[in-house]
Amino acid sequence: MAAKTTILTLPKEEFVHPGNRACTGCGLSIAYRVGLKALGPDTILVVPPSCLTVLQGLFPVASTKLPCLNVTFASTAAAATGVREALKAQGRDHTRVVAWAGDGGTADIGIQALSGAAERGDDFLFICYDNEGYMNTGVQRSGTTPQGAITTNTPLKGKQQRKKDVPAIMTAHGIDYVATTSAAYPLDLYDKINKAIALQGTKYIHIHTPCPPGWGYEPRYSIKIGRLAVETGYYDLYEVEKGAFRLTGASEKLLEKQQLVPVRDYLQSQARFRVLTEDQIAELQAQIDAKWAMYYQGT
Amino acid sequence: MHIIEDGNAAAALGVKLAGAQVIAAYPITPQTPLTEKLSEFIESGEMKAQYVPVESEHSALAACIAASSTGARAFTATSANGLLYMHEQIHWAAGARLPIVMCVVNRAVGAPWNIWNDHQDSISQRDTGWIQMYACDHQQIIDGVLKAFALAEAVSIPVMLCYDGYLLSHTYMPFEVPEEEKIARFLKPFAPAYALDPDDPANLNTVTLPDVRVDVNGETAHGYMEIRYLLQEDHRAALTVAQEIEDRFTEVFGRGDDALLEPYRCEDAEYVVVGLGSLTYQLHDVVDTLRAEGFKIGVLGVRLYRPFPSEALAEALTGVQEVIVIEKALSYGYEGALCSDLKAALCGRQPTVTGMIAGIGGREIRTADLTDTLRAHVRGAPDEDPGWIGIRL
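Protein chains in written order, with my numbering: chain A, 235 to 533; chain B, 22 to 414.
Some hints could be false.
To be verified - Stretch by stretch, here's where chain A covers chain B in the computed footprint (C-beta under 8 Å, at least three residues):
| # | stretch |
| --- | --- |
| 1 | 42 to 53 |
| 2 | 88 to 96 |
| 3 | 102 to 113 |
| 4 | 222 to 230 |
Stated by the list, open to error - Computed from the model, here is a short list of chain B residues facing chain A with C-beta under 8 Å:
| # | residue |
| --- | --- |
| 5 | Pro219 |
| 6 | Asp236 |
| 7 | Val237 |
Just so you know, these hints were derived from the structure itself, not from any lab. Bear in mind that the values here come from a model prediction, so they are computed numbers and not experimental data. Yeah, the Cβ is synthetic: ideal placement off N, Cα and C, and Gly gets one too.
Could you put together the complete structure from these sequences and hints?
What follows is the structure, given as structure tokens:
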């Protein structure tokens with residue numbers, strides 16, 4: 235990886251206007267602000283319905299200083315392909331094409347188009363910001379909602395099924411670059427987007443984006459909770475380059491420390507996990523410990 | 022140059038001549054030979070375009086919508102369930118005012134599965150905001166593709182060029198290929214009203230409120246309703262623009278006539294049969310037979326179905342005693358959509374309108390059956406089975 239970006243070397247130019255419609259403490263708004271700095275001005279964005287549609291503003295006002303095509307929910311990746319092919323047909327190859335979708339638009343309704351584009355190796359970066367539910371429509375469960383989380387359509391018992399592992403699915407497509415990052419680590423996010431966008435073919439980045447109203451915590455704790463997810467070993471930061479997996483950033487440091495924060499701390503920070511039993515918490519801790527035991531062994 | 026080819030090849034040649042820049046398609050019978058031909062043109066270097074072999078029809082139109090929004094001339098083609106799978110995107114393309122051209126190779130829709138011809142697929146997309154043209158032969162397919170791009174780009178509305186599966190797509194007939202050196206006189210390079218451009222960023226298709234709203238410069242911008250009103254206005258204006266384009270085509274290529282309607286032996290006719298697509302050419306033979314028997318009958322083909330040429334139809338049918346509409350699709354629970362549309366266009370005027378259904382799911386429409394049905398009907402005999410020609414229960 236190239237020299238790591240620091241708060242001092244992060245470009246000053248902003249591509250998201252202040253006063254946009256994101257909620258206070260929104261993880262997406264941090265990721266979007268920093269992510270667009272990495273992409274720079276010669277970029278075309280493709281966005282399906284999601285919180286980002288709202289953040290971008292209502293016609294005729296827009297909060298993003300980049301050209302953006304709003305598309306139907308299921309079509310994000312195919313639309314990114316269309317933009318890229320049109321640019322090629324016109325010899326405008328220098329322009330970056332980036333699809334930026336939520337977890338529903340990626341893991342659920344958008345996965346067919348994404349899988350198709352990745353199989354074809356179409357040349358764009360697909361970014362999934364994962365707030366772990368349909369937050370824009372009022373907090374319904376999605377494929378990436380974690381087990382045990384209360385949502386408005388898992389209102390009493392919490393979601394019974396496991397979170398869908400989209401980065402693993404994208405890795406299985408054999409694309410050259412898959413990475414996970416978090417809005418709580420903006421510089422890690424910046425460097426990964428910067429790296430991905432320079433590569434040819436389909437690239438995939440998954441961003442964990444804490445969501446105060448959806449997860450049930452005070453807006454001022456977004457960064458703290460995003461970091462707890464990583465420090466507990468619950469959500470890992472990693473890269474898969476040409477099939478080679480490696481933990482990065484804060485997760486890489488955990489490899490050296492071999493000391494995870496108990497997952498209970500992460501779960502108890504959010505109201506959505508309030509119905510988890512002691513047994514369920516213990517089971518989750520066991521799953522995390524088993525995963526990390528493999529990381530420590532280098533497998 | 023005269024050649025003998027099938028209807029799908031005629032469409033593919035038209036797309037090549039039109040200089041489509043991005044083509045995205047998913048295979049479905051009977052559209053497949055059209056996209057195979059285009060793939061061959063592109064892989065061999067005969068045609069310079071980007072071909073995207075997408076994983077679904079929904080993505081096919083998504084790629085075309087995005088390509089058109091980025092300033093490229095975009096084309097796709099499909100049939101039946103493929104068209105229905107696109108439905109959300111079909112509305113989107115019209116709402117976004119993108120001049121995409123799509124060939125619909127007409128086929129019955131499931132269930133039950135049926136791969137043969139009728140018009141239920143494209144007729145069910147009538148209200149999406151697309152222009153719909155119907156071709157009757159291979160000449161109208163190849164010329165139609167060029168006219169479709171010219172019309173779409175003139176009015177910023179996408180166009181479906183519909184032609185009958187198998188009856189046209191897989192049959193061979195001679196047709197004239199438009200001369201390549203004349204194309205530039207007819208079809209200018211695509212110059213979009215605006216396209217995605219980092220030097221002039223805009224947020225396209227963003228959330229638009231019910232009411233008008235002031236922008237940052239203090240100017241009032243359209244609300245959703247104004248945007249949709251303009252789509253309707255431009256659709257109606259397209260009736261005139263389509264004829265202007267037809268006239269320009271005639272001027273450049275020396276053939277063409279009426280962009281909206283195609284009458285056959287309608288002068289002095291007391292009875293006129295109205296229909297869409299290749300069926301209307303089959304009806305020419307029926308009319309010849311019945312004319313020879315002394316019946317004053319003609320055929321009126323509707324070449325442009327949306328926008329609906331209501332005034333041209335009303336004028337063309339003035340003085341006619343009865344109109345018989347024969348359709349390969351219907352609005353279940355009522356009648357054929359063309360029949361309803363025609364009744365509305367003729368409201369308060371002389372001709373009565375009778376609707377008949379034929380050829381559903383590829384049921385063979387025998388010329389003798391058409392002749393017998395129409396002869397009996399015109400003689401005033403009560404229709405044995407009102408509406409459904411050739412039904413066997």
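Next on the checklist: So, against the hints stated earlier in the document, which numbers end up violated here?
Outcome noted: Violated: none.
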